[in-house]
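Protein chains: 2
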Amino acid sequence: MPRPKVYLAGPDVFLPNAVEIGARKKELCEQHGFNGVFPLDEIPPPLSVPAEFALATFDICVKMMRACQLAVANLSPFRGVSMDVGTAVELGFMWASGKPVFGYTNAQEDYKVRVEAANVAGDLDVEDFGFFDNLMCESIVRNSGGSVVRHTPARGREFSDLTGFEECLAQAAQVLLESS
Amino acid sequence: MPRPKVYLAGPDVFLPNAVEIGARKKELCEQHGFNGVFPLDEIPPPLSVPAEFALATFDICVKMMRACQLAVANLSPFRGVSMDVGTAVELGFMWASGKPVFGYTNAQEDYKVRVEAANVAGDLDVEDFGFFDNLMCESIVRNSGGSVVRHTPARGREFSDLTGFEECLAQAAQVLLESS
Chain H
15 MPRPKVYLAG PDVFLPNAVE IGARKKELCE QHGFNGVFPL DEIPPPLSVP AEFALATFDI
75 CVKMMRACQL AVANLSPFRG VSMDVGTAVE LGFMWASGKP VFGYTNAQED YKVRVEAANV
135 AGDLDVEDFG FFDNLMCESI VRNSGGSVVR HTPARGREFS DLTGFEECLA QAAQVLLESS
Chain P
15 MPRPKVYLAG PDVFLPNAVE IGARKKELCE QHGFNGVFPL DEIPPPLSVP AEFALATFDI
75 CVKMMRACQL AVANLSPFRG VSMDVGTAVE LGFMWASGKP VFGYTNAQED YKVRVEAANV
135 AGDLDVEDFG FFDNLMCESI VRNSGGSVVR HTPARGREFS DLTGFEECLA QAAQVLLESS
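As you go down the protein sequences, you meet chains H and P in turn.
Sequential numbering from 15 applies to the first sequence in the working numbering.
Sequential numbering from 15 applies to the second sequence in the working numbering.
If you are wondering where the hints come from, they were derived from the structure by calculation, not from laboratory data.
Be aware that a few hints might be false.
Put simply, identical chains are the same to the list, so a pair is met inside one copy or across any two.
Only pairs whose alpha carbons sit at most 27 angstroms apart, straight line, appear in this in silico DSSO-like list of lysine-lysine [as the list claims (entries may be wrong)]:
| hint | residue 1 | residue 2 |
| --- | --- | --- |
| 1 | LYS19 | LYS126 |
| 2 | LYS19 | LYS113 |
| 3 | LYS40 | LYS77 |
| 4 | LYS113 | LYS77 |
| 5 | LYS113 | LYS40 |
Produce the complete structure using the sequences and hints provided.
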């Protein structure tokens, strides 16, 4: 059987060492019997209009997701209390395509705890389900047969710590490879 | 032809007057030839385990999205610089299902401007495409044949102002109804 292709979703692409992180994630995929696909594997040609470059990047990401059999997503808080919204779009895309999503976050606390700590609740309702973020996000991982991996990284390694990532690959291997 | 069903995505469900906002959105849908479906139209029975209630809510949202032909999403910043992540999941879900998504935000500035104003860039790359948020979000609306509506509401009406919502319905009517 060819190795299942894993779409490596997450805000990792915005890191200064994004390419290095992508390479490391792919190595770990290999070790767990998967073939990792990182969004930066393919970049559109330079386009003079920024919006056109963005739309071409979107097309590539969609093409990559269609070519993958599953996703492992970095669900860590990004520029606020919640996960990266681009990654959230990809969660929904993969799930609607009938593909499982596994995920990890380098934050330990429940969503409600983080919202209260950041004092951003306002007078709006705050979900209190013991989930890492909005219910749409965690439900996809649970319905995929996984559980969201929460890990506390060393200070300064909030984006580069891949302990949770590796645990997701183990979950994915158990759900996909051992059942086939 | 039966009226197309519009999934009313957005963090509106967390508002203290969520039901009222949902009813108002449905009225506006009627006026534009659509049938609005609001996530709170159906609520799971009380379940003693919070996670089970959340998963049942997820199932209902998925069922509703499957029953709709398009979505109109509230893309306004929610508890930070970016849009609500649950809504972002729904954008991806609808798009993967081949359904158009229209959207509005009650913030006028580009994503990059908001990130810099909030001082949350860190040393990570900030997308600079003239988009309202992450490229995955805006690209879906553009590929649907619409354009993200940005509107500056009166102070205190950041969540309740429906000017942009109504403009999305006009866009949707033009793309869907007039082409059929």
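- Task: Against the earlier hints, flag every one the structure doesn't satisfy and list their numbers going up.
- Result: 1
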